[in-house]
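Peer 1: Protein chains in written order, with the numbering used here: chain A, 1 to 266; chain B, 1001 to 1598.
Any given hint might turn out to be false.
[What the hints assert, rightly or not] Computed cross-link-like contacts, DSSO-like style, restricted to lysine-lysine with a CA-CA straight-line distance of at most 27 Å:
1) B:Lys-1298 - A:Lys-185
2) A:Lys-192 - B:Lys-1298
3) B:Lys-1294 - A:Lys-185
4) A:Lys-8 - B:Lys-1157
5) B:Lys-1294 - A:Lys-8
6) B:Lys-1164 - A:Lys-8
7) A:Lys-113 - B:Lys-1298
8) B:Lys-1280 - B:Lys-1318
9) A:Lys-8 - B:Lys-1318
10) A:Lys-186 - B:Lys-1164
If you are wondering where the hints come from, they were derived from the structure by calculation, not from laboratory data.
What follows is each chain in one-letter form.
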Amino acid sequence: MTKTQIIKRIYTVLLAVFTLAVGVAVICVVADIYYTGKGTDVIYSREIVGERLEKLAIPIVMLIAAAIAGVVFPLCEARVKPKSEDAIKKLLVRLPEGGKDEEFSAAKKSFDKYFIIRICVWSAALAVTLAGAIYTLCYLLNTANFLGEDVTEAMLNLVKCVMSFTFASLVALAVAATVNGVLAKKQLTQMKAMIKHGDGTKPYAESAAVWQKIKTAANGTAVIWTVRGIIFIAAIVFIALGVLNGGAHDVLVKAINICQECIGLG
Amino acid sequence: MKIAVIVISVLLAAGLICFFTVVALKRLSVNKYKSYATGGALAAAKVWLVNHRPSKRRLIQLYAAVLYNANIKGFISGQIYTSETSKYMCVPGLNCYSCPGAVGACPMGAFQNALSESNTRAPYYVLGILAIFGLMLARVICGFLCPVGLCQELLYKARTPKLKKNRATRVFSYLKYVILALAIALPLIYAAFDIPLPAFCKYICPAGTIGGAVMLLVNPANAGLFAQLGWQITFKFCLAIGFIVCSVFIFRFFCRFLCPLGAIYGFFNRYALIGVTVDKSSCTDCGLCVAHCKMDVKRVGDHECINCGECMSVCPTKAIGWKGSKIFLHKDMTEDLAPAVKPLSVENGMVKIAQGDGGVVELARSEYIENSLAKAELAAYDTGEAVEKFKPSADVKTSKRPKKPVKYYLEMTAWIIAVAVLAVALILYNFVDVPKDGYIPAPPDGDVTVGNQVGDTAPDFTIRLYGTDGEQFNLYDNRGKITVVNFWATWCTPCVEEIPYFNELAVNYPELSVIAVHGSSTSDVEKFIDRKGWRDYKLTFAQDNLNGTQCQTYATFGGAGMWPMTVIIDADGKILYNGTQSFKNYQQLEELMNSLMN
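Okay, chain A solo, but in the shape it has when bound (with noise of 0.2 Å):
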């Protein structure tokens, strides 16, 4: 690594650091001006956000003049390795159908144990994503949820319930995907190995899955214009529709007001 790169990634550790602790600062002092106005007739005022918000004005002109003198300096943007499912994939077409040796049915026996591992790391995930669905559809459908005074509360309720659930699905799914990941690199060395090892035999005919692919594209090409058609004249229908049904009214009615909490004024 040279000197000019090492000042470099100096600097975009201290500016990553820099920015974190400003964005924590401002969090803290708007949650603290809340919590110490809380009760009292005044949390908000003009002279308040002012006086707090201004201890913070030269870390915030620091930090953005640090960032806009960063541009100048030009760093390697990092690339993204293909994924190993994806060279599983293409690779495929290479395998060959049957080995000589022992080293190509070992290697055979770890793709598919790896192969069994992935469909049911994949499976676990897909489980729990279910279940949480199951419970986000049936606390949406339940009105009773929602039959409250307070939407505030009901709001809470629902980050609590439902958002919990999304959040260990999507945690979950990120979990198999990684750990995917890991097999499928494993699993790709066993496929490099088993054609190393194969007879030669490649069971797939480039150039027909080209024309395939043609074939395909042509297709698909004539169902999408019909989609298009199709949306465009439900569009159409639809604005014609909503103008005389006063939606377009709505819409001006709705964007010439202010509702003030709908925009966080609360």
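On the provided structure of chain A, position chain B as indicated by the hints.
Peer 2: Only chain B this time, still in chain A's reference frame:
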């Protein structure tokens, strides 16, 4: 007005100077400046300018952001644009219509509002608008026409370590579909109870927080708004700061994980007339485009693709082009066409084609050999002729765009028209189409100060009562009583929530005249009152359009689009209270009344 003129002139001048500087510099060869690079600060600055000139996409993004917010005077006055010229139309990108500069409606806000009112009328209009935008552009809007996307891309330019896309981010990109589902379900559920709830706007939208709430609050003219701030602005502001910080480290954080509008447009991506497409007969499935893309795409043009077109420059076979190129765009209008990718090395059947700080891009040999240039490169490796490693800075030869004068002039004409449209919009929205101030009629006495501020004598007004045979209420006919006028609307969540408190006030204080005035005269309001069971209320409901002009009384009392608004007038006709505060409970309202009456 003078300030507005100066600001607009400076903006126009700066924009034009930048534009022509960029065009002029663009016409000059970069190589020419390389020789000047050692010739001093000016030459170095020129090289820097050439290397950092904004791309066409960035210019279009900036243009769209300014055009959406052409009401510059709104930022100065602190009031939103309230003329009917264009606000019934949605702009394509996420741009809060409560932003002082906004001249169009936000599609997501309008969609939420239409769903909230779906119990009275089906949301055909907004669905039609979204379908048209989707059909025409789909997620091209995210890549080119969304101010929120632009802000995130600018934030991402900060040179900090970045979180690369990975399997986890791909999974979390589906979170926006959950947000979309809730953004549809919640307004629909609450519409059944006649409670308007634009849940996404109210609890999440950063465009509403920064563009709407903060832009209004920073203006000294709106200092009174601070009085009603509480947990909601605290939560939303902290959330917005979180989004901003995350956008510095994660490319388009909000778009990728949370934006429901992007999720809607994603459904149309395959069918849009304009966008990025792959010529499958030329594509070698090398995966470079997906590897280069910062979004969580699985393939070019899928529901995550924002059609920015940046993958075109890395495609070794030039298989990626613009969809609709025959009608709207030329395929070779891509910027900075890069050469075919040469391999770094070939080992164990894998071709290494790129290497950076974050990792390497390796392709199986079969993935690489579909074009003749790649075949030649591989042949060189196979025969041992290739010895030098690929050096991007040394080897890259920028392939020149074909010099077609007609195309160049067409492009220039398009830009000139675009600048002219922007100039016309700025003039129209700031100087020509200015809404009239509220009309304040004189009181019957004729000799006192009439106004809408506390302490002024209230202007006289007459409003028609709901549920009667044309009965009217006149302020001066009701002198001798304290009058409480609450301006509300069916689409306004806090307005609807506080109506029962005003009824309680009318019940507990029969000596008061308590009136709830709605700005609209449609029959929907009467139906709404019936559905809510308010017909039996002691509270009097009235409509504010006696002479066919809606919201005239509201404007007379200084209403500037902020809902709800409450005005309390004493027995002598003097204004005791005039505020846009919403009441969270009855006690809050009663305390205010007691303090004013004592």
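Peer 1: Okay, which hints does this one fail, numbers in order?
Peer 2: 9
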